[in-house]
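Here are the chains, one letter per residue:
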Amino acid sequence: MSETAPKRNISWQFLFTLLMFAFMYVPILILAIYSFNESRFSASWTGFSLKWYASLLQDTRLLSSLWDTLFVGFFAVSISAVLGTMMAVGLFKYKFPGKSLYRGISYLPLIIPDIAIAVATLVFLVSVGLSRSIWTIVAAHIVFCLAYIAVVISTRLSSLNPFLEEAALDLGATPTQAFIKVLLPELMPAILSGCLLAFVLSMDDLLISSFTAGEGANTLPMEIFSRVRTGVKPDINALSVVLILFSGVLAFTAEHLRYQSDRKKLS
Amino acid sequence: MATSTPPPVPLAEPSRLRHKFSRFIEPLVLLAPPGLWLLLLLIAPTLLILELSLIPGFRLGHSAGGYGLGNYLQIFQAIYLPVIWRSLSFAFGATFSSLILGFPVAYWIAVMAPARWRNLLLVAFVLPLWTSSLLRAYAWIAILRPSGVLNSLLGAIGLPSQDLLNRPPAVFIGMAYSFLPYMVLILYASLEKLDKRLLEASADLGATPQQTFWKVTVPQTMPGIAAACLLVFISSLGDFVVPELLGGAASMTVSRLIYNQFLGATLNWGFGSSLSMVLILGVSVAIALLIKYGDRDGENLT
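Protein chains in written order, with the numbering used here: chain C, 2 to 268; chain X, 863 to 1164.
Some hints could be false.
Unchecked claim - DSSO-like mimics (lysine-lysine), calculated; alpha carbons at most 30 Å apart, straight line:
1) C/94 x X/1154
2) C/94 x X/1055
3) C/182 x C/94
Said to hold, decoys possible - Just a few of them, taken from the derived set where beta-carbon distance is under 8 Å, the chain X residues facing chain C:
4) 889
5) 903
6) 911
7) 914
8) 916
9) 917
10) 989
11) 995
12) 996
13) 1000
14) 1102
15) 1103
16) 1134
17) 1138
No lab work stands behind these hints, which were simulated from the structure alone. The beta-carbon is built from N, C-alpha and C at its ideal position, and this holds for glycine as well.
All chains, please: the whole structure from these sequences, using the hints.
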């Protein structure tokens, strides 16, 4: 009887989920709304204004930290894309003594808290006498970027047809040709979405950058952190909106890539 | 007397030799560069702070004393124990609250929502993860500060204002907000695989929805619950941004204490290193527990 009765009543789980969606999005909306508020101090609305966006464009310190962040992200992710792909493919294809140890080490950057990695890297840089610069941030970011990219690629590899590459070899392709013409195109969506994830993580990193930055290198999270500790700043609200839109575009691209590759897999 | 003469080595034809060579060289070419990078910038540094942690009171530029366990004993002094306790309670609180808040959401999306909307709903729910964690914590400053949005709202409907910012409740709210998407993401993956026929069978056999939930759904998804809780626990245990921005000066956590030993006023590298090692140890114990008990639960089910 009961299973055929139409369910017209709205379940509490639905209402609760709605509430949690609000919990996730209302803070972001509030940031966005107040970025258009004219008043600097109060939470009350005093009028619509774009002046905080205008002040962003004149804030040279903020813009140079944005440049540093993009610089670090670009180089860390590009190098990690190569290293991470090599690691994932190597771990997938070969058996060798100490493989599980190697795999375990490759997961460490995902597990060890950022603060511990940051501290260890600082101590290491000081003890080998390397002077800190923007390149030391890049080097430190590669550690976690390559681990994340390798994980994303490994997931894709395990769902791949293992005979494709063998078939290419049987048909006379050299191993390099088989890799470039067969395996790499199959992995491309995973490599790209891994890179996007790594880029977002690199842009978000505060601790590792703070500990490995040299004189003059200042990333956006470091700059934002030093400003918001002393209270609410409307120009940071405006910056948030810009960054949220930017990461929204990245998220959409990554999801689109995943969707495309899933569809390809089905057909 | 060596009686066994080695069998005559057949002269390997060139292609065979090349094959053997490439079988050895290919994994090396692929795996050595990333491995070396991790060895140099992760393993060696971690071993280095393990060594520093064993030199009591090591400070940069001062001559180091001998080895000892002084740094580790310092952690258990009366002034630092509350810091450890606070970090653990934040981490447990964040894990518990995001489990309570996240399970119904994951359940609704995975089991009750229309099938073709599920992926979209999940992606929409975890979308905030793509934005800066610093800015997401900052948003809560704007809401919770004394003259913030929350108090304006409370004032407008005639309720007394709440002073939450820079106190532990703000940290719990901020952490639940930060880690809820991770919780939902992993719980969803586990609930999605739940065999819906089991729920129907349970209902047909006369179980109430509560009984079905506690006797079927929860045990079936236990590995997912454990993995999600572990992830949230270790992320919140090492979190720096939320306690720092929302907890104020009174909410010193282990991460902040470590930070101070290196970039702050104290500059005691030995003590900071021992704290880092304890943090790494805490995370490792949590993972070991999951592997030990998580796997056993998984085996029981199949």
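Here is what the structure says about each hint:
no.	hint	result
1	C/94 x X/1154	holds (28 Å)
2	C/94 x X/1055	holds (29 Å)
3	C/182 x C/94	holds (17 Å)
4	889	holds (4 Å)
5	903	holds (5 Å)
6	911	holds (5 Å)
7	914	holds (6 Å)
8	916	violated (13 Å)
9	917	violated (12 Å)
10	989	holds (6 Å)
11	995	holds (6 Å)
12	996	holds (5 Å)
13	1000	holds (5 Å)
14	1102	holds (6 Å)
15	1103	holds (6 Å)
16	1134	holds (6 Å)
17	1138	holds (4 Å)
When held up to the earlier numbered hints, the structure conflicts with 8, 9 and fits the remainder.
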